[in-house]
Amino acid sequence: MQQTKTARYSIVVKNRPGELAKLTKLLSDAGMYVSGLRVANLGDKAAIQFLMPRKCGRRQQLRRAGVRPDPE
Amino acid sequence: MRQATKTQYNAEFDSDPALHKRLTRLLAKHSVDGEYVVTTCIESRTMVQFLSPKNDALRENLKKLGIDVREELIFQFEMPHHPWELHKLAKSLAAEEINILSLYSSIEGEQMRITLAVDQPANAMAIIEKLGFEPDYAICD
Numbered sequence: 004m005q006q007t008k009t010a011r012y013s014i015v016v017k018n019r020p021g022e023l024a025k026l027t028k029l030l031s032d033a034g035m036y037v038s039g040l041r042v043a044n045l046g047d048k049a050a051i052q053f054l055m056p057r058k059c060g061r062r063q064q065l066r067r068a069g070v071r072p073d074p075e
Numbered sequence: 010m011r012q013a014t015k016t017q018y019n020a021e022f023d024s025d026p027a028l029h030k031r032l033t034r035l036l037a038k039h040s041v042d043g044e045y046v047v048t049t050c051i052e053s054r055t056m057v058q059f060l061s062p063k064n065d066a067l068r069e070n071l072k073k074l075g076i077d078v079r080e081e082l083i084f085q086f087e088m089p090h091h092p093w094e095l096h097k098l099a100k101s102l103a104a105e106e107i108n109i110l111s112l113y114s115s116i117e118g119e120q121m122r123i124t125l126a127v128d129q130p131a132n133a134m135a136i137i138e139k140l141g142f143e144p145d146y147a148i149c150d
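Chains as they are written, first to last, in this note's numbering: chain S, 4 to 75; chain E, 10 to 150.
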């Protein structure tokens, strides 16, 4: 049975309305499905973390948007 | 009208492994379900979020440890697991200047289950219902 590998990505943004929408637009336009998502606010910043199946080219695409893969 | 059965607690403190350990012990002592305990660190601050039935004793004990505690109302609802649906939700909340305080999602088959806390719960609930999703409880003013 083939198992799909998953990568975790994080981005720290300003704690204000619309920041998650910027990310979800990117994911939606690229047809990227997340397999888990969480958002937590801490002071004037917010951390967005999500899980996604690994696919060729995704990392570069997300990096360009300021999203970094978490260390494995 | 349905009522919330759980409260989301946000326990915030300066990052310190010893304090984190005491916090974890306290949660165990109060039988907090580990299914939804999430830790986030940004720079030198740590926040531990968890769901629990309203518990004033737990809140007081957290404060005694020097931890800042915030309680939030949460919604839980399901939506189709599709990137566009997620964006529709985020965009609709942003359009009304509603700030997401916390969001947690899990996938259950074709559905995405969302646990959400926002700064304007009543407005957010109206939007969520307008999008065709059913929050698990309504807020009573």
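Simulated from the structure, these hints should not be mistaken for lab results.
Where a beta carbon is used, it is the ideal one built from N, C-alpha and C, also for glycine.
Treat the hints with caution; some may be incorrect.
Claimed, not checked - Derived BS3-like pairs (lysine-lysine); straight-line CA-CA distance at most 27 Å: (1) S/Lys-25 <-> E/Lys-63; (2) E/Lys-100 <-> S/Lys-17; (3) E/Lys-15 <-> S/Lys-48; (4) E/Lys-15 <-> E/Lys-63.
Stated by the list, open to error - Every beta carbon over 12 Å from chain E, so not counted as near; a handful from chain S, in silico: (5) Tyr-12; (6) Lys-25; (7) Lys-28; (8) Arg-62; (9) Pro-72.
Against the structure, the hints come out as follows:
Distance hint between S/Lys-25 and E/Lys-63 is unfulfilled; the C-alpha atoms sit about 34 Å from each other, more than 27 Å. With a C-alpha separation of about 16 Å, the suggested pair E/Lys-100 and S/Lys-17 falls inside the 27 Å cut-off, and the hint holds. Between E/Lys-15 and S/Lys-48 the alpha-carbon distance is near 25 Å, which keeps this suggested pair within the 27 Å criterion. About 6 Å separates the Cα atoms of E/Lys-15 and E/Lys-63, which keeps this hinted pair within 27 Å; it holds.
Here S/Tyr-12 stays apart from chain E, with its beta-carbon at least about 14 Å from theirs, past the 12 Å limit. Look at S/Lys-25: its CB is around 9 Å from the nearest CB on chain E, not clear of 12 Å, so calling it non-interface is violated. Interface exclusion of S/Lys-28 from chain E breaks down, the closest Cβ pair being 6 Å apart, not more than 12 Å. No Cβ of chain E comes within 12 Å of the Cβ of S/Arg-62; the nearest lies about 17 Å off, and the non-interface call holds.
The claim that S/Pro-72 is not at the interface with chain E holds, since no C-beta of that chain comes within 12 Å of its own (minimum 17 Å).
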